[in-house]
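Quick note: the sequence shown uses this note's numbering, first residue 4, plus one each step.
These are computed hints drawn from the structure, not numbers from a lab. All the given hints hold, so there is nothing to weed out.
Listed next, the in silico DSS-like pairs over lysine-lysine satisfying Cα-Cα at most 25 angstroms (straight line):
| # | residue 1 | residue 2 |
| --- | --- | --- |
| 1 | Lys122 | Lys84 |
| 2 | Lys84 | Lys48 |
| 3 | Lys37 | Lys92 |
| 4 | Lys42 | Lys86 |
| 5 | Lys37 | Lys84 |
| 6 | Lys84 | Lys42 |
| 7 | Lys86 | Lys37 |
| 8 | Lys37 | Lys75 |
| 9 | Lys48 | Lys86 |
| 10 | Lys86 | Lys121 |
| 11 | Lys122 | Lys92 |
| 12 | Lys121 | Lys42 |
None of these values were measured; they are calculated from a predicted model.
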Amino acid sequence: MTCWQRVKSGVSQGSILGPTLFNIFISDLDDGIKCTLMKSADDTKLSGEVDTSEGRATLQEDLDRLEEWADKNLMKFNKDKCKVLHLGKHNPGAQHGLGSTWLESSSGERDIGVLVGKKLNMSEQCATVTKQANRMLGCINKGITSRDKEVINPLYSVYTWNTVFSFGPHCTKEMQTGWRGSREGPPG
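I would like the entire structure built from these sequences, with the hints used as guidance.
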């Protein structure tokens, strides 16, 4: 049970109420926005079709509206964390700004813990998960002297297999490729 504490202003970080109150506070953030705006407590994503000059202009106008909203509400976007992810083969890769700052382009971004690349495939995520699993196999290999299956298999299941398959079957092919280069590999 959480203890009561006196708060002079704001909401304590980590509280259950914090994200809910912040979502109420930003409820008008999408007023006048023409592109798609996805928002949750501390994560906002703006997306739009930019294959025409009109589409690029609309996206930039929406970025300007977001900056105006932030100024009006005495808020600031963390522009170091604001990135542009250019999706699609024929994306012109136009530069966009937020206020007076040009936003940096990114080859991949995390969304709800999953790394999404500009091709909208999961290769980067799969490579990351494979590396994590291989690191864990290395730790098991170095830290446990016994090579008995009754010892290794439960450790493998708990520490490696769950890491791999918490992401799902999307990575099976990439992980098998990653394991081929690994001395430990999955137990057989």
